[in-house]
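Given next are the chains, with one letter for each unit.
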Amino acid sequence: MNDGAFRIDRHRFAVEHFSSRLHWRHGLWLALAFFGSFVLAHAQSDTQRIPSAIGTLFIWLPFILKGFGLNLLMSFIAMACATVLGVGLGLLQISHSRWVSLPAWFITHLFRNSPWLVILFMVMFLVPFEMQVPGLGIVRLPDWVKATFAFSLPVMANISEILRGAVNSIPKGQWESAESLAFTRAQTLRWIILPQCIRRAIPPWMNWYALLALATPMASVLGVREAVGNAQAAMEAAGARPEFLLPFYLFLLCLFFAYIYPIALWTRKLERKYVVAN
Amino acid sequence: MFQLIAPFFQDLYERTGLNFIVFYAPYEYDRFLSGIAISLQLIFWSIVASLLIGVFGAWAQSARSPVLRGLVGAYIQAFRNTPPMIQLLFFYFALGAFTPQVDMGGYYQPLISSFAWAIISLGIFGGAFNVEIFRSGLEAVPDSTREAAESLCMSKWQIYTYVTLPLAFRISLPALTNNLISLAKTTSLAYVISVPEVTYSLNQVWSDNINVPEMMLLLFLFYILVVSLLAAGLHFLERRLALPGYGQ
Amino acid sequence: MSLQTKSKSPAGADWTADQPIVSLCDVHKSYGSVEVLKGISLDVRKGEVICIIGPSGSGKSTLIRCINGLNDIQKGSIKVEGQEVNDPKLDLLTLRKKVGIVFQQYNLFPHKTALDNVMMAPVLVLKEPKKEVEERARALIAKVRLQGKENAYPGELSGGQQQRVAIARSLAMRPDVMLFDEVTAALDPETVKEVLLTIRELASEGMTCILVTHEMGFAREVADHVYFTDQGVIVEHGPPRQFFTKASDPRTRQFLSQIL
Numbered sequence: 001m002n003d004g005a006f007r008i009d010r011h012r013f014a015v016e017h018f019s020s021r022l023h024w025r026h027g028l029w030l031a032l033a034f035f036g037s038f039v040l041a042h043a044q045s046d047t048q049r050i051p052s053a054i055g056t057l058f059i060w061l062p063f064i065l066k067g068f069g070l071n072l073l074m075s076f077i078a079m080a081c082a083t084v085l086g087v088g089l090g091l092l093q094i095s096h097s098r099w100v101s102l103p104a105w106f107i108t109h110l111f112r113n114s115p116w117l118v119i120l121f122m123v124m125f126l127v128p129f130e131m132q133v134p135g136l137g138i139v140r141l142p143d144w145v146k147a148t149f150a151f152s153l154p155v156m157a158n159i160s161e162i163l164r165g166a167v168n169s170i171p172k173g174q175w176e177s178a179e180s181l182a183f184t185r186a187q188t189l190r191w192i193i194l195p196q197c198i199r200r201a202i203p204p205w206m207n208w209y210a211l212l213a214l215a216t217p218m219a220s221v222l223g224v225r226e227a228v229g230n231a232q233a234a235m236e237a238a239g240a241r242p243e244f245l246l247p248f249y250l251f252l253l254c255l256f257f258a259y260i261y262p263i264a265l266w267t268r269k270l271e272r273k274y275v276v277a278n
Numbered sequence: 001m002f003q004l005i006a007p008f009f010q011d012l013y014e015r016t017g018l019n020f021i022v023f024y025a026p027y028e029y030d031r032f033l034s035g036i037a038i039s040l041q042l043i044f045w046s047i048v049a050s051l052l053i054g055v056f057g058a059w060a061q062s063a064r065s066p067v068l069r070g071l072v073g074a075y076i077q078a079f080r081n082t083p084p085m086i087q088l089l090f091f092y093f094a095l096g097a098f099t100p101q102v103d104m105g106g107y108y109q110p111l112i113s114s115f116a117w118a119i120i121s122l123g124i125f126g127g128a129f130n131v132e133i134f135r136s137g138l139e140a141v142p143d144s145t146r147e148a149a150e151s152l153c154m155s156k157w158q159i160y161t162y163v164t165l166p167l168a169f170r171i172s173l174p175a176l177t178n179n180l181i182s183l184a185k186t187t188s189l190a191y192v193i194s195v196p197e198v199t200y201s202l203n204q205v206w207s208d209n210i211n212v213p214e215m216m217l218l219l220f221l222f223y224i225l226v227v228s229l230l231a232a233g234l235h236f237l238e239r240r241l242a243l244p245g246y247g248q
Numbered sequence: 001m002s003l004q005t006k007s008k009s010p011a012g013a014d015w016t017a018d019q020p021i022v023s024l025c026d027v028h029k030s031y032g033s034v035e036v037l038k039g040i041s042l043d044v045r046k047g048e049v050i051c052i053i054g055p056s057g058s059g060k061s062t063l064i065r066c067i068n069g070l071n072d073i074q075k076g077s078i079k080v081e082g083q084e085v086n087d088p089k090l091d092l093l094t095l096r097k098k099v100g101i102v103f104q105q106y107n108l109f110p111h112k113t114a115l116d117n118v119m120m121a122p123v124l125v126l127k128e129p130k131k132e133v134e135e136r137a138r139a140l141i142a143k144v145r146l147q148g149k150e151n152a153y154p155g156e157l158s159g160g161q162q163q164r165v166a167i168a169r170s171l172a173m174r175p176d177v178m179l180f181d182e183v184t185a186a187l188d189p190e191t192v193k194e195v196l197l198t199i200r201e202l203a204s205e206g207m208t209c210i211l212v213t214h215e216m217g218f219a220r221e222v223a224d225h226v227y228f229t230d231q232g233v234i235v236e237h238g239p240p241r242q243f244f245t246k247a248s249d250p251r252t253r254q255f256l257s258q259i260l
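Chains as they are written, first to last, in full-length UniProt numbering: chain D, 1 to 278; chain X, 1 to 248; chain G, 1 to 260.
Hints were generated in silico from the structure; no laboratory data involved. Remember, it's a predicted structure, so these values are computed and weren't measured experimentally. Beta carbons are placed, not taken as given, at the ideal position from N, Cα and C, and that holds for glycine. Check each hint, because a few of them may be wrong.
[Unchecked claim] The following label-pair restraints were derived from C-beta to C-beta distances:
| no. | chain 1 | residue 1 | chain 2 | residue 2 | range |
| --- | --- | --- | --- | --- | --- |
| 1 | G | E190 | D | I170 | 33 to 41 Å |
| 2 | G | S257 | D | N168 | 47 to 55 Å |
| 3 | X | I224 | D | W99 | 47 to 55 Å |
| 4 | D | G165 | G | S77 | 25 to 33 Å |
| 5 | D | K172 | G | E190 | 27 to 35 Å |
| 6 | X | E139 | D | A80 | 34 to 42 Å |
| 7 | X | P66 | D | Q187 | 49 to 57 Å |
| 8 | D | G69 | X | Q109 | 36 to 44 Å |
| 9 | X | E139 | G | P129 | 34 to 42 Å |
| 10 | G | N71 | X | L241 | 30 to 38 Å |
[As the list claims (entries may be wrong)] Below are the EDC-like pairs computed for lysine to aspartate or glutamate, each with C-alpha atoms no more than 16 Å apart in a straight line:
| no. | chain 1 | residue 1 | chain 2 | residue 2 |
| --- | --- | --- | --- | --- |
| 11 | X | K156 | G | D91 |
| 12 | G | K38 | G | D26 |
| 13 | G | K130 | G | D116 |
| 14 | G | K75 | G | D26 |
| 15 | G | K38 | G | E236 |
| 16 | G | K97 | X | E147 |
Sequences and hints are given; from them, build the entire structure.
Below you can see the structure in the form of structure tokens.
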């Protein structure tokens with residue numbers, strides 16, 4: 001009782017709680033704003049004979065959406081890789097052997113503290129575009145595959161750190177009681193500790209998926225034909241008129257928002273469930 | 001400085017083929033240094049802008065007007081749930097197309113440079129997170145502490161500046177540290193609107209000299225150094241301001 | 001502690017020292033549809049020590065907070081030195097300068113040292129010179145037996161020590177009435193004693209005190225008058241000797257038999 005009235009409720013400030021104020025009304029506001037600016041852009045250009053900016057956008061819509069499909073594909077594959085690699089790296093990080101945990105720690109911090117774009121450049125320029133795979137001969141790595149791999153690295157590092165934090169947050173008593181039941185360290189991890197970590201790791205994991213999906217447009221910098229790259233190519237092909245810029249980029253923002261916002265809402269729902277369950 | 005290190009790196013190149021050209025060719029050296037300078041300025045001003053937006057946004061979210069609260073809420077969601085890279089492109093190309101040009105005596109230059117647009121865009125992006133961070137900090141100050149100040153006749157403004165704000169800032173610091181570090185890393189995205197910051201300038205260096213691995217190493221070192229210094233500074237602040245007796 | 005009467009504002013101009021310093025008349029207070037105070041009337045004279053006891057949830061804390069204006073009331077009147085607390089025109093600041101309150105959870109400012117906690121209000125609110133305030137604050141800290149703890153932060157003090165700093169902090173505003181809201185309820189048994197000792201000294205110096213407490217022995221010893229509240233009304237009241245031995249109401253007797 002001696003700690004008085006002033007208690008700092010730390011879990012409220014964890015990253016995964018940022019979305020706690022989310023409400024569908026915010027989405028409505030945004031939809032209205034986006035719609036309004038579309039009308040504005042339309043009004044500017046509909047007097048001319050050449051197709052309006054909105055018209056052009058409409059013509060090129062399938063092309064841009066096809067690019068967006070690649071964004072989604074990259075995000076799925078990268079997240080799957082990042083999860084597998086991240087859990088592995090996290091387990092290495094909590095190893096009792098310094099020779100294992102130190103390199104794992106180094107890799108984790110290298111990729112956590114570097115900008116996504118720099119990691120993307122690194123993979124793009126330093127990983128060869130062809131690889132000799134035993135049994136398969138020479139395998140060509142398309143740019144988007146390399147970009148996908150690049151995006152998985154920072155997420156991998158963060159998942160590794162989430163795992164380490166989650167394992168450390170399990171009370172010592174759990175380890176001791178498992179030890180008293182003659183569990184080995186690996187058995188304790190597999191059957192006692194990790195199952196307790198999974199639930200609390202899901203909201204941050206989803207948060208990292210959202211960040212990953214938001215990072216995929218960077219691939220366009222290196223010529224991957226995803227949504228932004230295709231939109232830019234479309235603007236070029238349609239005559240590169242400056243009035244294209246506003247509706248095209250706005251559309252891209254809407255596209256990503258429409259995909260990520262529901263995920264954010266869902267993450268919040270899970271968080272709440274988790275908070276209530278505790 | 002340059003005179004001191006140039007012979008060593010020249011020698012290194014000739015002996016081993018490791019081409020750290022930015023340390024022995026004056027032209028590349030200048031390009032590298034100016035990239036670093038621009039990156040540091042970009043990081044500094046983006047952080048300042050995001051903090052200002054965070055403070056005002058948190059204040060606006062506690063306002064009575066539902067319209068103001070709704071607007072701030074929409075702002076936060078719009079910028080947290082869209083790719084920062086497209087935000088930059090949108091600000092620079094889409095909004096930049098509407099900003100007036102200034103006559104620079106013969107040629108025209110946009111009123112807002114790509115550097116300024118990067119600060120605006122990144123500041124708004126980082127600010128969206130800061131608003132939430134500051135708001136939860138303010139909310140975490142217990143009502144009872146505020147009430148005690150009230151019972152001591154302190155005015156609303158005095159309670160805010162002497163009690164609520166100092167406590168809220170301390171509570172927000174860990175989350176703020178994370179966000180500012182993430183913002184510092186995000187400044188590399190200014191590359192896409194051709195701000196000649198360190199990623200962009202080293203990119204030019206390696207395209208001209210085909211020495212990607214060496215320059216990549218420098219790029220990693222730069223960001224790790226900046227992130228470490230920023231983190232060390234903020235953690236120092238955190239420890240200085242830690243409430244004695246309320247251990248972590 | 002000097003107890004000189006302050007200059008009175010016009011609203012309480014007709015008040016004289018022989019009238020009750022705090023006077024409650026038919027006070028009603030509700031949170032939404034829940035009525036927690038259902039017509040409370042009591043008078044406190046200058047220098048009196050009043051203890052309010054009763055089961056939890058009987059509205060004792062609400063009552064005491066209303067006297068400081070931290071809670072508003074729906075019906076009735078609360079007068080402090082003749083001035084109506086419930087008057088919307090009342091400047092709450094003048095009221096709170098007269099009435100100090102100490103909370104169950106101390107509510108010290110965790111980012112300020114003990115000395116700064118005590119000095120803050122006189123410097124910021126009363127705009128008194130810092131040097132003078134510091135002198136008084138040190139004296140007050142000594143008075144609550146915390147010499148040497150001036151530069152400790154609340155987090156470094158025990159609950160009982162924090163609570164005594166909170167008392168010193170209230171006294172620094174030179175109040176005419178002190179309210180104590182279950183100030184020992186959150187404390188360890190060992191530290192309760194030191195806090196009660198401080199309050200007892202204060203009472204013996206002639207400070208008007210209104211206490212909400214569960215410490216029956218203490219109430220019996222220091223109180224001039226004991227009030228027993230249950231479900232928002234005063235069930236029974238009287239001088240402690242009479243109250244604790246010859247309680248007439250069955251509810252009072254039941255409560256006392258559980259506690260004593």
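Against the structure, the hints:
{"no.": "1", "hint": "G/E190 <-> D/I170: 33 to 41 Å", "in the structure": "35 Å, holds"}
{"no.": "2", "hint": "G/S257 <-> D/N168: 47 to 55 Å", "in the structure": "52 Å, holds"}
{"no.": "3", "hint": "X/I224 <-> D/W99: 47 to 55 Å", "in the structure": "22 Å, violated"}
{"no.": "4", "hint": "D/G165 <-> G/S77: 25 to 33 Å", "in the structure": "57 Å, violated"}
{"no.": "5", "hint": "D/K172 <-> G/E190: 27 to 35 Å", "in the structure": "30 Å, holds"}
{"no.": "6", "hint": "X/E139 <-> D/A80: 34 to 42 Å", "in the structure": "37 Å, holds"}
{"no.": "7", "hint": "X/P66 <-> D/Q187: 49 to 57 Å", "in the structure": "55 Å, holds"}
{"no.": "8", "hint": "D/G69 <-> X/Q109: 36 to 44 Å", "in the structure": "40 Å, holds"}
{"no.": "9", "hint": "X/E139 <-> G/P129: 34 to 42 Å", "in the structure": "36 Å, holds"}
{"no.": "10", "hint": "G/N71 <-> X/L241: 30 to 38 Å", "in the structure": "33 Å, holds"}
{"no.": "11", "hint": "X/K156 <-> G/D91", "in the structure": "14 Å, holds"}
{"no.": "12", "hint": "G/K38 <-> G/D26", "in the structure": "8 Å, holds"}
{"no.": "13", "hint": "G/K130 <-> G/D116", "in the structure": "11 Å, holds"}
{"no.": "14", "hint": "G/K75 <-> G/D26", "in the structure": "7 Å, holds"}
{"no.": "15", "hint": "G/K38 <-> G/E236", "in the structure": "14 Å, holds"}
{"no.": "16", "hint": "G/K97 <-> X/E147", "in the structure": "15 Å, holds"}
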